[in-house]
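Spelled out, the chains give:
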Amino acid sequence: MKNLRTKVLSAVLAVSVLGASAVAFTGCGKKDTTNDSKVTLTNVSYDPTRELYESYNKIFAKHWKEETGQDVEVTQSHGGSGKQALEVANGLEADVVTLALEYDVNAIRDAGLIEDGWVNEFDNDSSPYTSTIVFLVRKGNPKNIKDWDDVAKDGVGVITPNPKTSGGARWNYLAAWAYADKKYNGDEAKIEDFIKKLYQNVLVLDSGARGATTSFVENGQGDVLLAWENEAYLSIKDNPDEYEIVTPSVSILAQPSVAVVDEVVDQRGTRKVATEYLSYLYSDEAQRIAGDNYYRPYNKEILKEYSDVFDLNINLVTINDFGGWDEAQKKHFADGGIFDKIYEKK
Amino acid sequence: MYEETKRSKVVKYILIGIALLFVFVMLVLPLVTVICEAFKSGAEVFWQAVSDDYTVKAIVLTVEATLFAVLFNTVFGIFAAWSITKFRFKGKKLLTTLIDLPVTVSPIIAGLIFVLTFGRQSPIYPLLSELGIKVIFAVPGIILATVFVTFPFISRELIPVLESEGTDEEEAAALMGAKGTTIFRKITFPHIKWAFLYGVVLCAARAMGEFGAVSVISGHLRGKTNTLPLHVEILFNEFKYVPAFAVSSILVLMAIAILIIRSVVEYKGKKDA
Amino acid sequence: MMVQAKKSKKAKRVIPGFGLSLGVTITLLSLVVLIPLAALVIYTAQMSPSEFWEAITRERVLASYKVSFITAFIASLINAVMGVILAWVLVRYKFPGKRILDGMIELPFALPTAVAGIALTSLTADTGLIGGFFAKFGISIAYTRVGITVALVFVGIPFVTRAVQPVLEKLDPVYEEAAGVMGAGRFRIFRKIILPEILPSVLTGFGLAFGRCLGEYGSVVFIAGNKPFETEITPLIIMSELQEYDYKSATAIALVMLAASFLILFLVNMVQHRNAKILKGGR
Numbered sequence: 411m412k413n414l415r416t417k418v419l420s421a422v423l424a425v426s427v428l429g430a431s432a433v434a435f436t437g438c439g440k441k442d443t444t445n446d447s448k449v450t451l452t453n454v455s456y457d458p459t460r461e462l463y464e465s466y467n468k469i470f471a472k473h474w475k476e477e478t479g480q481d482v483e484v485t486q487s488h489g490g491s492g493k494q495a496l497e498v499a500n501g502l503e504a505d506v507v508t509l510a511l512e513y514d515v516n517a518i519r520d521a522g523l524i525e526d527g528w529v530n531e532f533d534n535d536s537s538p539y540t541s542t543i544v545f546l547v548r549k550g551n552p553k554n555i556k557d558w559d560d561v562a563k564d565g566v567g568v569i570t571p572n573p574k575t576s577g578g579a580r581w582n583y584l585a586a587w588a589y590a591d592k593k594y595n596g597d598e599a600k601i602e603d604f605i606k607k608l609y610q611n612v613l614v615l616d617s618g619a620r621g622a623t624t625s626f627v628e629n630g631q632g633d634v635l636l637a638w639e640n641e642a643y644l645s646i647k648d649n650p651d652e653y654e655i656v657t658p659s660v661s662i663l664a665q666p667s668v669a670v671v672d673e674v675v676d677q678r679g680t681r682k683v684a685t686e687y688l689s690y691l692y693s694d695e696a697q698r699i700a701g702d703n704y705y706r707p708y709n710k711e712i713l714k715e716y717s718d719v720f721d722l723n724i725n726l727v728t729i730n731d732f733g734g735w736d737e738a739q740k741k742h743f744a745d746g747g748i749f750d751k752i753y754e755k756k
Numbered sequence: 003m004y005e006e007t008k009r010s011k012v013v014k015y016i017l018i019g020i021a022l023l024f025v026f027v028m029l030v031l032p033l034v035t036v037i038c039e040a041f042k043s044g045a046e047v048f049w050q051a052v053s054d055d056y057t058v059k060a061i062v063l064t065v066e067a068t069l070f071a072v073l074f075n076t077v078f079g080i081f082a083a084w085s086i087t088k089f090r091f092k093g094k095k096l097l098t099t100l101i102d103l104p105v106t107v108s109p110i111i112a113g114l115i116f117v118l119t120f121g122r123q124s125p126i127y128p129l130l131s132e133l134g135i136k137v138i139f140a141v142p143g144i145i146l147a148t149v150f151v152t153f154p155f156i157s158r159e160l161i162p163v164l165e166s167e168g169t170d171e172e173e174a175a176a177l178m179g180a181k182g183t184t185i186f187r188k189i190t191f192p193h194i195k196w197a198f199l200y201g202v203v204l205c206a207a208r209a210m211g212e213f214g215a216v217s218v219i220s221g222h223l224r225g226k227t228n229t230l231p232l233h234v235e236i237l238f239n240e241f242k243y244v245p246a247f248a249v250s251s252i253l254v255l256m257a258i259a260i261l262i263i264r265s266v267v268e269y270k271g272k273k274d275a
Numbered sequence: 263m264m265v266q267a268k269k270s271k272k273a274k275r276v277i278p279g280f281g282l283s284l285g286v287t288i289t290l291l292s293l294v295v296l297i298p299l300a301a302l303v304i305y306t307a308q309m310s311p312s313e314f315w316e317a318i319t320r321e322r323v324l325a326s327y328k329v330s331f332i333t334a335f336i337a338s339l340i341n342a343v344m345g346v347i348l349a350w351v352l353v354r355y356k357f358p359g360k361r362i363l364d365g366m367i368e369l370p371f372a373l374p375t376a377v378a379g380i381a382l383t384s385l386t387a388d389t390g391l392i393g394g395f396f397a398k399f400g401i402s403i404a405y406t407r408v409g410i411t412v413a414l415v416f417v418g419i420p421f422v423t424r425a426v427q428p429v430l431e432k433l434d435p436v437y438e439e440a441a442g443v444m445g446a447g448r449f450r451i452f453r454k455i456i457l458p459e460i461l462p463s464v465l466t467g468f469g470l471a472f473g474r475c476l477g478e479y480g481s482v483v484f485i486a487g488n489k490p491f492e493t494e495i496t497p498l499i500i501m502s503e504l505q506e507y508d509y510k511s512a513t514a515i516a517l518v519m520l521a522a523s524f525l526i527l528f529l530v531n532m533v534q535h536r537n538a539k540i541l542k543g544g545r
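Residue numbers (our numbering), protein chains in the order written: chain A, 411 to 756; chain B, 3 to 275; chain C, 263 to 545.
If you're looking for bench data, these hints aren't it; they were derived computationally from the structure.
All of these numbers come straight from a predicted model, not from anything done at the bench.
All C-beta atoms in this analysis are idealised placements derived from N, C-alpha and C, irrespective of residue type, glycine included.
One thing to keep in mind: the hints can contain errors.
What the hints assert, rightly or not - List of simulated lysine to any residue pairs, SDA-like, C-alpha gap at most 25 Å:
(1) C:LYS356 with B:SER265
(2) C:LYS356 with B:ASP274
(3) C:LYS432 with C:ASP364
(4) B:LYS242 with B:ILE61
(5) B:LYS95 with C:VAL303
(6) A:LYS607 with C:PHE491
(7) A:LYS606 with C:ALA325
(8) C:LYS489 with A:GLU483
(9) B:LYS59 with B:LEU73
(10) C:LYS510 with C:PHE314
(11) B:LYS14 with C:VAL464
(12) C:LYS398 with A:GLY630
(13) C:LYS360 with B:THR35
(14) A:LYS549 with B:ILE61
(15) A:LYS553 with A:VAL656
(16) C:LYS510 with B:LEU130
(17) B:LYS59 with A:GLU483
(18) B:LYS14 with C:PRO428
(19) A:LYS549 with B:TYR243
(20) A:LYS549 with B:VAL244
(21) A:LYS468 with B:LYS59
(22) B:LYS8 with C:GLY445
(23) A:LYS740 with C:ALA325
(24) B:LYS195 with B:LEU73
(25) B:LYS195 with C:ASP364
(26) C:LYS398 with A:LEU613
(27) C:LYS398 with B:THR35
(28) C:LYS454 with B:SER166
Unchecked claim - Derived CB-CB ranges, DEER-like:
(29) B:LYS181 with C:ILE297: 29 to 37 Å
(30) A:GLU476 with B:PHE41: 40 to 48 Å
(31) B:PHE41 with C:SER402: 23 to 31 Å
(32) B:PHE41 with A:LEU726: 38 to 46 Å
(33) B:GLY225 with A:ASP557: 38 to 46 Å
What the hints assert, rightly or not - From chain A, some residues computed to sit far from chain C (all C-beta separations above 10 Å):
(34) TYR463
(35) ILE655
(36) GLY679
(37) SER693
(38) SER717
Looking at chain A on its own, in the form it has when it is part of the complex (with noise of 0.2 Å):
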């Protein structure tokens, strides 16, 4: 029997060595060093902005060899912003996040890897661009929606992502919020009731914003998607006959928000490259392919180039009027909050 028994803890140990080694062949060789010719970034971004980077990761490129001389290659990662920054705080090797809102980003420092006070750290609160919600519906406008009033009718259906999976879609709750509240003067029992209604006209709670389009683009649910401007602009673009945008008297303002992961850049020593990488957004150039990409650049100057395409007049709140987002995920998207009453069973 005792025989028995170092047999077994001989095979027990000589399987754990070899797996060890295996794990630590397979890990090592894997991190990136940074020489002088070549750096690299990764950016943890989030859905909608894939075409964005694509274009600015190639005049960045050009900018940063201009000058340094250096090559700089970043590698892209996309998902949903939620998701993205629960991976970030998690330990995947970021030197930049580009989110869909400063919630994520306050999750990350909270998780210790972003040094307090990163808001502040470029123009606008760090946003370099922004957007804000509207309605995508099908051409001619079939069921006459032209503001919030209409998306809670009767009849009605919705397509928007669950706010408590996709970053994106709590802005479009925030923005009928904001509606009912001036409509109503802030009593929020009338409020709720309001925002009740419109989600009980939704169809399909997808888990993302480009699941939602999916759902409306593609296979045909719903009259009506709740969506990003910049989405908006895109399904227009693909498909340019069957959907119109309309823009709600009232709606909120979107920003999305960059900052530099404290951590991983000193880690890596690329602090530099990575600051300058944000920092470059707000140069002419990249304000303007933000543009292009029917995000509204935070420069004024560039955005009136884009009059024709943005709506200027909107009437935006911001997430400032909701107390900011701890307060706002307190109140209305957090286990037991507004968001869950809505989903009370009937």
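Fit chains B and C to the known structure of chain A by using the hints.
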């Protein structure tokens, strides 16, 4: 008697009909949809999507992870099947249950447990980062997740066969003084050959297609930690539907290739025997 | 009988390699499965029992268990019936295209679940080929529980078929023929002779498919509509807890699901074990 055969023929055709209809609706139609969408904009777009740099990198990574999973699970499967079927010991039922567990664990949970084990909030993270070992959001994590979801596939195919064979032949050989490896090679392996092949095919197919667990653990770094299924997701999220389906069709073709190889090997082997 | 019992008891370690094989098995199992799963348990252990209880019994979570459980059960049931028919057809009949049919059974494994979900959704949406047909009768498939079930059936096809097939292959048709000659009806033959033989493997396949369906995420999120209380599945709840950085609730619910799959598997293995004993004893 005559009537009996006539009736049994009717039953035969009804059953074949049901089987074919089911497979057609549930399997063929979705696959045809994938292929049709892939070629919707013509062969050129298809080819572009398939030969794209990122796609090629994703194929390489997928093949890597699949090979590793098959290899690992082969070693595990043979040892596990041997110990479970050839010996009696306490806790055998618990052991087999634990081996099967990964099949029924939600892929989300499968990814989550590795994040919890190797992620930044894990107690061993400081040690790992000291050593410069990256597990999650890197290739080792993807391989680990793939191994996890396919863990029991080979042992599961081997165990029932070995169980029904019993231990008599091996015991006889052992009593005559044969070594363990010899017994395995000469007596056990011929019995489990086909089951083993089935297991490898299942394991490879599942490893290629794994999405959920890998998606939680990969970090979606383009060209670095993107497997084919994740690349499909990315393309899909870029509204590039046609390329997305084109890349999916590579997976379908890879699976069909594996299944054809299996049939050929099986056919030849059974003919020889 | 007695001799055999005596022999197997005495000779139980005649065959070499017990220590080595069990050692390797347990080590690999620990590394890949047990240690990571333990991390889940440890993480959940940080919660107080009342916190844990609250996290796993919120109304929306309860509703999602129900949705997951019902759809997975129905899908596995369909797969059990269709799996037996498929296995039967593949083993007993000859017809053109049989080899192709046989080869296709594993395809659902290889197709990434997300692709399957997207393809099935476009087929079964009201604008799709199948969905359009049913829409005429006022039945929607995609974005309902029916849609979830369809996706789960797709995911679970190989389990029962592949479990039953080898058993049927080994089953000697002689008994059936004998029974047929003696005048037993077809249904009776099936019930009395074939079913008892294949039942354990059907149950195994059913159990595996059921467990797999309970946890399925990739294909379901596309087809489900994901409406709370109606078409929201438990893995999606875990996902949304994660997105809210609520690791504790996520791991708590994950633990419940893990316990459920463990239980299902344990039952399946009990059945299988008993079956193996019966088979051996009969020889």
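If you check each hint against the structure, which ones fail? 8, 14
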